[in-house]
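The residues making up each chain are set out below.
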Amino acid sequence: MFRRVLIANRGEIAQRILRACKELDIETVVVYSEGDKDALYLRHANEAICIGPASSARSYLDVPAIISAAEIADVEAIVPGYGFLAENAHFAEVCRSCNIKFVGPAPETIAAVGHKARARAMAIRAGVPVVPGSDGAVETEVEALRWAKSIGYPVMIKAASGGGGRGMRIARNDPSLVNGFHAARSEAEACFGDSTVYIEKFVENPRHVEVQILGDQHGNIIHLGERDCSVQRRHQKLVEESPSPSVDPVLREAMGKAAVAIAKESNYYNAGTVEFLLDADKNFYFIEVNARIQVEHTVTEMVTGVDLIQAQLKIASGEPLELKQEDVEMRGHAIEVRINAEDPERDFQPSPGKIGLFAAPGGPGIRWDSHAYGGYSVPPHYDSMIGKLLAHRKDRESARRTMLRALDEFVVEGIKTTIPLHSRILAHSDFRAGIHDTGFVERYFAAARPVIRGGS
Amino acid sequence: MFRRVLIANRGEIAQRILRACKELDIETVVVYSEGDKDALYLRHANEAICIGPASSARSYLDVPAIISAAEIADVEAIVPGYGFLAENAHFAEVCRSCNIKFVGPAPETIAAVGHKARARAMAIRAGVPVVPGSDGAVETEVEALRWAKSIGYPVMIKAASGGGGRGMRIARNDPSLVNGFHAARSEAEACFGDSTVYIEKFVENPRHVEVQILGDQHGNIIHLGERDCSVQRRHQKLVEESPSPSVDPVLREAMGKAAVAIAKESNYYNAGTVEFLLDADKNFYFIEVNARIQVEHTVTEMVTGVDLIQAQLKIASGEPLELKQEDVEMRGHAIEVRINAEDPERDFQPSPGKIGLFAAPGGPGIRWDSHAYGGYSVPPHYDSMIGKLLAHRKDRESARRTMLRALDEFVVEGIKTTIPLHSRILAHSDFRAGIHDTGFVERYFAAARPVIRGGS
Amino acid sequence: MDLNLLRKLVRLMDRGELAELEIEDEKQGLRVHLRRFEESSPTSPTVQVLGGGAPMAAAPMAAAPAGGPAVAEPSGPPAGTIEFASPMVGTFYRAASPDSANFTEVGAKVTADSVLCIVEAMKVMNEIKAEMSGEIVEILVENGEPIEFGQPLFLIKKA
Amino acid sequence: MDLNLLRKLVRLMDRGELAELEIEDEKQGLRVHLRRFEESSPTSPTVQVLGGGAPMAAAPMAAAPAGGPAVAEPSGPPAGTIEFASPMVGTFYRAASPDSANFTEVGAKVTADSVLCIVEAMKVMNEIKAEMSGEIVEILVENGEPIEFGQPLFLIKKA
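Residue numbers (my numbering), protein chains in the order written: chain Y, 1 to 456; chain D, 1001 to 1456; chain Z, 2001 to 2159; chain H, 3001 to 3159.
Extracted from the complex, chain Y is given alone in its bound form (with noise of 0.2 Å):
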């Protein structure tokens, strides 16, 4: 194991790196932007280096200066969290250029699974399901119609260059996809200089789910079982928990055997996260390897009894899975809340500032995952998430209303936040019974978005 690492990130993550460190027995040292630089993590790590202003690109997110840390502060690995250079296969390579363990998978690999047209290669070639599709410009009506008929509708039409929405039309029929071909092509050409389209399958009403793999430098390869992610607010998730409510355990089997596959065959290490989208009938559609640890790493804990980040330094520093498949259980069921210094009734605009009184819920079956305090100023620099809540029980109905009693105990003054939306979201029906999809944030609370807008 590792005598010494620097921890490449800040906030919770940052924290959450320095307590799994703590009890491996391993020296830390954070680096910091000065816009951290009052932050009480820093003080629970054996060094702090300020390697820049408080600016990202010249703190976090430049290479050199943490590099140049790393070589000062004379350690063997770097951590990276999540975020920053976490899925950044140049900075895992100048890490191995100067012999320091990136604490992820190898460069190659990173590269592989992160170039969007290669994954999905990989997956077919595993043989995981992928959403079925064109694989490539559509060019004519003739063709088009071709393919939708060869994978049935509802299909989206999509701009080959395209992102944000523009250029995409879903048609659910022979006329519809006609003129959607055109709509998408001519503003495609408008937006983004570019005509070219391809289609896909349009999956309604997916849920989110992902399964968290665990693989070694050995090529032992493990899955944790699955989170679902459905509650989603502009792809960005809020809630997460573990089991899903759609997964039973045969498809538990084929979700985890197809993330195994698709780990195997990007020869991955590391922990790791492969997301697919799960449709109303169960079928499932490889989206996305995330070759880092994630956000929402805390509910597979929670259920598994397993520490990712300690095992993400064990598999760096060369130690084979303590774990074999058949050891994995299941236990209970986690559920968490991103506590976000934002304001969801003005479209969640950032509510950075200084907490006043603070308490954070505590008792049976919380876990709270935070670098913040009463008294913490929370930067205006950075993402605004502060802190994640899990409750973990024994069952989906008593985690939720852990859950819920948990929320409504947590009192942060001085600044919004995320705590009320998490409320009504938790005791809403949809989400109780477990059949919410992507769409729920945006369908039942949208109206709590533009009451106000700013200025602009």
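Hints are computed from structural coordinates only; laboratory data are not their basis.
Virtual Cβ for every residue (Gly too), placed ideally from N, Cα, C.
Keep in mind that a hint or two might mislead.
[Said to hold, decoys possible] So the derived label-pair ranges between C-beta atoms look like this:
| id | chain 1 | residue 1 | chain 2 | residue 2 | range |
| --- | --- | --- | --- | --- | --- |
| 1 | H | E3022 | Y | H115 | 55 to 63 Å |
| 2 | H | N3102 | Y | S55 | 54 to 62 Å |
| 3 | Z | E2127 | D | R1331 | 54 to 62 Å |
| 4 | Z | A2085 | D | I1435 | 52 to 60 Å |
| 5 | H | T3111 | Y | H235 | 39 to 47 Å |
| 6 | Z | A2085 | D | E1397 | 29 to 37 Å |
With chain Y's structure known, arrange chains D, Z and H on it following the hints.
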């Protein structure tokens, strides 16, 4: 289940009961003294009623005030927690006469198990070992020698009216017994005006091991394994854990059966604890029954997954136990430390006052039960405990390491606490090896005690 | 829907001569709007209740207790008067029995031994004496109302 | 729902002869609006109370700019001098190589283009220039010492 209950306690256990009630959808009325009027947990109750001034005698111990509050608030039951009126048979009797359910055992049971001689007789009837002894006055040298022979050395000569270590002598052979017998008699006469002494087996370097029981009103009784509370200072528990490092499955079953037998003998229902001394040869001896929830019930909750406060409420409302003995499974290892507002450097003198900067630990494996927060004033009128910190991990060593890192990241400014002492206790080689006994704290941490003495 | 709560609110309006009362309690997912007829017509308040704004019967958790937010504490008694606080928790009675006359009234002069009221606790009727001389300026609680320890019962102008 | 709070508010209205009272306590998720019957007095002020301590009243916009609060900086450099801070994290060298002369010394005069030192980061030797004219008063770090971003390296008396 009850619709509305009154919580007749304060501080962390009031908070704990509030949490359980909310999770069970029970309305809560919490009573408070003027000394607690600014406590944050009062906000979480449906109603809060001031019942008296800060003095316990005129508030939390004032039976008419509490019953009166229960009547005006129109509750179905009173939840007593621990301390105050929790083991007061008279109070339980008054509740019964007022047609209010007391969340605890029947008054007759409380009275029976609270009487030392009756409890001992009950244990003997149940076939459970008690500390062997003369069971009554020993009048002469000859009698003393006869008892010592039948019990076996070492023995303890104790003043019948004694207490606080006075009038006590240990004897390891016949001559020291004869000397001790006379010395103890003289001392007892001098101290208590009563020279009566009795003789008991002296259990050397014992461990304090207690068994958690749950019994319903239909005669079902189960045990939930043991807790080891050997880390004590002057009979005050400081650290508790489950399972005990000294108890193997065979011993666990034997002690569990003994506890259940005693509970049956006393027609016990409610959560409860049967305390034992465990000697170096793994012989266990019954000490007493605690007819209430205990401070350290939390460690059992962590390893068994059973919510004991919820269980108490269900039992009191007449529900049968949800678990059978064979359903009880202990998973992992839990350690609890009591965070007291005391100064371990100054003979543990209380350190009430206003908390400044405050950051409780969190992250994986950590549970924090407390009513405290940054800005809270610890009142000088009550017990000094401000919270209980628990670490629950897959095995004892992992739990110990998690607890050490949690203690390390704990920030409490403005008052003194037992946090630094706990770091030293958990780092001690005897604790790590699990070979500490009830003399452990006095043996190794006594130096920390009498540095400075107050005026008295 | 808690009818008891509504009854209490209506009583409160009556006592306080309120024409209108609106409450929104987001935590309870509750919105109440009560409006009474303007002065002329005496009885029957118009009651309009809008319940459960939240998607589901939201977590049944409740609002502030006494001693909560700073706004709850009104400024203190008017100059020259003192608040006579209840020495115990219980039920407040202005008379020894439903048929008896009230112990005291606004404007009455009292001395240390004057009984001001009874507080019933555990079926025991506790006579509460003034323990000062003065004049009753206001009676702050209704007959039969539950009271806390320390709750102001009377405003007294000390002699 | 805290009836006691409402009672106190009504009494407050009564005493203050308020016609209307509105409270929004976002922290408690509570909004209360009370209006009393118009009395003979023509001027009934409409009072609006926004309560609950000052949680949201306090503008939630972050103060601290990139540099952080000035108070955090311990005492500061001696009068007339300024601290020259490292623009990067790395290793501090006073000379281009172990055999070379130091770039500067205490008492030396420097101009904007004067190289003061080298900071090595990722094997790259970065020459650090003074970017001002002045005199070196003190050298704050040792040759070969690891330095943080923003760490003071020199005290310079500006020309």
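Starting from the hint 39 to 47 Å, judge whether the C-beta atoms of H:T3111 and Y:H235 obey it.
violated (54 Å)
Could one say that the CB atoms of H:E3022 and Y:H115 fall in the range 55 to 63 Å?
holds (58 Å)
Just to be sure I understand the hint, the distance between the Cβ atoms of Z:A2085 and D:E1397 should be within 29 to 37 Å; is that true here?
violated (56 Å)
Is 54 to 62 Å right for how far apart the beta carbons of Z:E2127 and D:R1331 are?
Since Z:E2127 and D:R1331 have Cβ atoms about 59 Å apart, the given range 54 to 62 Å holds.
Between the beta carbons of Z:A2085 and D:I1435, is the distance compatible with 52 to 60 Å?
For D:I1435 against Z:A2085, whose Cβ atoms are near 57 Å apart, the range 52 to 60 Å holds.
Falls inside 54 to 62 Å, the C-beta gap from H:N3102 to Y:S55?
violated (33 Å)
Of the numbered hints given earlier, the model fails hints 2, 5 and 6; all others are met.
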